[in-house]
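These protein sequences, in sequence, are chains A and B.
Quick note on numbering: the first sequence equals residues 77 to 349 in the numbering used here.
Quick note on numbering: the second sequence equals residues 452 to 719 in the numbering used here.
Quick caveat, the hints were computed from the structure, so don't treat them as lab data.
Note that CB positions come from ideal geometry on N, CA and C, so glycine has one too.
Some clues are possibly wrong.
To be verified - Restricting the straight-line Cα-Cα distance to at most 30 Å, the calculated cross-link-like pairs of lysine-lysine (DSBU-like) are:
1. LYS216/A with LYS276/A
2. LYS492/B with LYS686/B
3. LYS159/A with LYS200/A
4. LYS622/B with LYS216/A
5. LYS313/A with LYS159/A
6. LYS313/A with LYS622/B
7. LYS159/A with LYS216/A
8. LYS622/B with LYS145/A
9. LYS622/B with LYS276/A
10. LYS316/A with LYS145/A
11. LYS622/B with LYS105/A
12. LYS622/B with LYS200/A
13. LYS686/B with LYS511/B
14. LYS622/B with LYS279/A
15. LYS94/A with LYS611/B
16. LYS279/A with LYS303/A
17. LYS622/B with LYS316/A
18. LYS611/B with LYS622/B
19. LYS159/A with LYS622/B
20. LYS116/A with LYS276/A
21. LYS94/A with LYS622/B
Claimed, not checked - Example chain A residues on the side facing chain B (calculated, C-beta under 10 Å, incomplete):
22. ALA169
23. GLY175
24. ILE177
25. LEU195
26. PHE197
27. LEU261
What the hints assert, rightly or not - Here are some chain A residues pointing at chain B (derived, C-beta under 7 Å):
28. SER138
29. SER165
30. ARG168
31. ARG171
32. MET176
33. GLY196
34. LEU198
35. GLY206
36. PHE207
37. GLN255
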Amino acid sequence: MTAPLVEVTSVSKTFTRKAAAAGGNTTFKALDNVSFVMTKPERVALIGPSGSGKSTLLRSISGLHTIDKGKGAVSVMGRVVQKNGSLASDVRATRSRMGMIAQQFNLVGRLSLFTNAALGFLGKVSGLRGFLGMWTADEKQAVMRALDHVGVAQFAGQRANTLSGGQQQRGAIARAIVQGAQIVLADEPVASLDPVTARKVMKLLVNLNEADGVGVIVTLHQVDYAKLYCDRILALKEGKVVYDGPASGLDDETLKNIYGAEFEDAFWGEAKA
Amino acid sequence: MSQGDATALTPPSPSVGTRATNWGLTIAVVILLFMAFKPAKIAELGLLVENWPNTVEYTKGYLHPNFKDLFKIYLPEMWVTIAIAVWGTVLSVFLAIPLALLGSSNIAPQWIVQPVRRFMDLLRSMNEIVLATAFFVAVGPGALAGVLAMALHNAGVLAKLFSEAVEAIDKAPVEGVRATGGSRLHEVIWGVIPQVAPLWTSFALYRFESNVRSSTILGLIGAGGIGFVLFENIKSFDYPVTAAIVIVIVVTVMLIDMVSAQIRKRLL
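Please construct the entire structure, taking both the sequences and the accompanying hints into account.
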């Protein structure tokens, strides 16, 4: 039996904020005993109100957040990312097979789009080549193919910070392709994009999943995008999973439970009026 | 509440504690100035007017600068001064980079950051002239002692400026590099350095400008260059030659400042 692509078991994450005034530190439980398994390459949308733990879950999967001690584990492609509050010693090797896409793109603004995408090789190249950016001819070709695939090859030589949000986000997807990622974790990838560009980016993620068999987990604020582009939805509320099922099964009643009674007014009020 | 309600519209005023602190600080500064009055001999300010004729007589000597050795001595020695500043600055940059990275709290753990920062403080607090005299013992008087003194002192200054730049970076691109599976060193090379490179270059150029001036002073104590020639001519009361040398120094420093400022402006 092959290992699941992603396996999150009883994960909790508490943030502690130091209080400025007397009265001790304040704690905030962002994830509360969350479990979730992705056995085959799916497109999973993580939805839920702000502060419900979507980004925390995504960052815990990539090991950018360490989970609470006690219990809980995260495995990706059968390799432990973290367990019981400690990152695995080979977490970098596991990360090199996961692409991470962020709302603010996380590209290095002063480097060219080409170099940014080529950084996807960092987990694979050894020693001096990685430090000096000495990419082989084949690697350079692979970077250009990835940039071409997402439609930004013509901007390869431009600094990332001179490009539009959509172009930068596509560059970030190209970096994940260069990585040869088998899982893409996208943290609100369309939150700062206009609707047309947002749809293009979502279609690229769908294409990655359907054509290349990449598992996609994407946090979204737009419920309609989640239903349109994803086949499974995982809804979080106050750090707990309140829905995990097919996108088609997400009805208004469930959404009201997730977002509160005002959901209907906020999302459909104008359309129905 | 109506707008006519006076209590609701009372503008905020500093608390009693803040006002007491402000007054306390003002009084402290006044007392400090009063105490420093005698040691700094401020009372002798009147001599400036009293000895005015002597000052005029002295300054007259500078009105006819003598450029007779411009190409033979002044410019070649000015070049030595610039060369000391060039090497002093470049060496200090190479020393400052590892210190800055190890002294940045967002890169290194506190048990490394704190000792590195204290070492940076130590380098910064050692005056170039004191350092140069120490290097005279090791490598003899001359340009090399000046270069080494300048490199050490400036390493402390630049490391502090560099590490402040590192601590102000956007951590998102660094995280982007980490998420690809890159190592800590990859994060620094690809995530940190590209962000701080323009600022670091600007700081290094700024230090180079001031190092050219410091290098002249180092010459006065025997570290070679135009400062040494200047000091010799002041000692022998040759004012026309001294004036020519001062003009060479001022024009060179101004030119370097102008070019460097232009480069810095384009970098940022």
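Would you pick out the hints that fail for this structure and give their numbers low to high?
7, 29
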